[in-house]
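Trainee: Chain by chain, the residues:
There are 2 protein chains.
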Amino acid sequence: MIDLHAAQVAARQGEQVQQRIDTLVVAGVGLIGGSFALALKRAGRVGRVIGVGRTLANLEKALALGVADEISQDIAEAAARADMVLLACPVGQMGALMAAMAASLRPGCVVTDGGSTKSDVAALYRRHLPHHLPWCVPAHPIAGSDMSGASAAQYGLYENRRVVLTPLEETLAESSETVSELWRACGAEIHAMGAAEHDAVFASVSHLPHLLAFAYVDRVAAKDNAERCFDFAATGFRDFTRIAGSHPEMWTDISLANREALLAELADYQAGLGRLAALLENGDAAGLNQLFGEARAARTRWHQQFLRRG
Amino acid sequence: MIDLHAAQVAARQGEQVQQRIDTLVVAGVGLIGGSFALALKRAGRVGRVIGVGRTLANLEKALALGVADEISQDIAEAAARADMVLLACPVGQMGALMAAMAASLRPGCVVTDGGSTKSDVAALYRRHLPHHLPWCVPAHPIAGSDMSGASAAQYGLYENRRVVLTPLEETLAESSETVSELWRACGAEIHAMGAAEHDAVFASVSHLPHLLAFAYVDRVAAKDNAERCFDFAATGFRDFTRIAGSHPEMWTDISLANREALLAELADYQAGLGRLAALLENGDAAGLNQLFGEARAARTRWHQQFLRRG
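Here the protein sequences come in this chain order: A and B.
First residue of the first sequence: 1, per this note's numbering; consecutive thereafter.
First residue of the second sequence: 311, per this note's numbering; consecutive thereafter.
Accuracy of the hints is not assured; some may be wrong.
Label pairs and their computed distance ranges (CB to CB) [claimed, not checked]:
| hint | chain 1 | residue 1 | chain 2 | residue 2 | range |
| --- | --- | --- | --- | --- | --- |
| 1 | B | A595 | A | R42 | 34 to 42 Å |
| 2 | B | A574 | A | R184 | 34 to 42 Å |
| 3 | A | G44 | B | E591 | 48 to 56 Å |
| 4 | B | Q615 | A | R127 | 45 to 53 Å |
| 5 | B | L375 | A | T235 | 18 to 26 Å |
Counterexamples of contact, computed for chain A against chain B with all Cβ distances above 10 Å [stated by the list, open to error]:
| hint | residue |
| --- | --- |
| 6 | E60 |
| 7 | A173 |
| 8 | R296 |
Since the hints were derived computationally from the structure, they do not count as laboratory data.
These numbers were taken from a predicted model, which means no experiment stands behind them.
Quick reminder that beta carbons are idealized off the backbone N, C-alpha and C, glycines included.
Build out the structure end to end from the sequences listed, making use of the hints.
Mentor: Take a look at the structure:
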């Protein structure tokens, strides 16, 4: 059990309690959930990890790799024994899991998630776990996002990475602090913001570029001379399109979950492309040079900051 | 001097003569030109390299680094002594260089270039070197394209890279073969195609993504919450925007030189984004999933081929 009283006392005193979770349930044992389990095990912060998932073969792999100590395909049964539940499955599956475990969760069991969108996940918590909200902590670990099963789990994935918490109004400070402290034990840095702000920021710097890359590869593949084109694509193409290799179902979920913000981003980008096309049509070398130069300067500044982040 | 007669005989007999250039003039001693000079020196294929450029400091660096054996700011004088000239400057400077050396080039001196667009460069050869066309060989080495001076020159840059030749109608087979054979001595693989086809292919797989990346960074930087956005940008953003760090003047040149093909690419891409936005607006999960899935499959196939290329 989590010692919430000790956490409260420590929080009041400005100290940090080293959290230790007796029984952690990880629903979706892939890169995100599996790496969380491994990092906590290594840090000595977890007693037993129960891996829950739809695919038995993946769960058995998690067991064999030591990512999970026990596996189950029954979220209600596993949740009944949990001190913490991490939902690390695609956002599209989270509602069903919450509904299935709602009746069996013990009060005080912290429920958190790894979803890439947060307004929709907040709504899921409210709909499916209305009596459990004080212990619900929506979160988004910013780390590689392809869900490639238990074998993708790795120690150290979260070192120097960021985790964004978007607590609900009802979330207890102690619940947020428990989740924060465990992510810090994985090496991550914690940021808190509102769900709407989170979704706007990530629409801009993550979701939009994924859509742009998918759309770009789609257009090249549709060309009459696609084979010839692909044949001469090189390192610039490789890096620009890397994120078009991302998981389709996951990105369908994210796109629809963050639809309003993404449509606004798309419209703004389309307008920008329209202005760029006009510069080209007018042969406006000074205008192109200015746009490219400002973009390059912004990108260079960003990259220097990014490298300093470590 | 290049032994064109031996080359002709060898070409007729299906053999290859190892070309050796007594005096090579490299106009623009940066990554492209400097690396060509270094590779030929190492292969023992060049007697003397004369580096020509606008910036004395860069030429002196080229001399100090052994990229050039001699330096000059007078292209006409240098060209008079050349057995081969490589124009490795931005395309926007090539016309002036050609005009300046037109009167001093010896017949038989092969003139080639490293420009990223080829229809416009072909037109420059025709305009400025109308009497020298048999020895003019437009070319495009596909390699990192930032013009960062003599210190960027590196041995081995062209190993397993591609060089596209787009010979003019008037170009002698022997001239093309000389250029091909020297690029092969640098480790490159030679492909020939028409200038228009070259420009269409590269508009699609290189020039368009550069414009899309510049435009994208420009839009993020223009946001009210740009700082917050940049602060949460991570590895997907990093790779997608890498090419937005490219040289503004160079990309202004390329964009304008390949304007027609690029405008067609932009229009096609805009239409694709419009369809994607419609899928989003309609909440069409199946449609999004299909588009993302097909793009991912195409990108995965491409990447496997790219890795096999070595």
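Trainee: It remains to establish, for every hint, whether it holds in the given structure.
Mentor: Going down the list of hints, with the structure as the test:
1. B:A595 x A:R42: 34 to 42 Å: Holds - the Cβ-Cβ distance for B:A595 and A:R42, about 38 Å, lies within 34 to 42 Å.
2. B:A574 x A:R184: 34 to 42 Å: 52 Å, violated
3. A:G44 x B:E591: 48 to 56 Å: 49 Å, holds
4. B:Q615 x A:R127: 45 to 53 Å: 46 Å, holds
5. B:L375 x A:T235: 18 to 26 Å: 24 Å, holds
6. E60: For A:E60, whose nearest Cβ neighbour in chain B is about 26 Å away, the distance exceeds 10 Å, so it holds.
7. A173: 23 Å, holds
8. R296: Nearest chain B Cβ is 6 Å from A:R296, so the label is violated.
Consistency with the previously given hints fails for numbers 2 and 8, ordered from lowest to highest.
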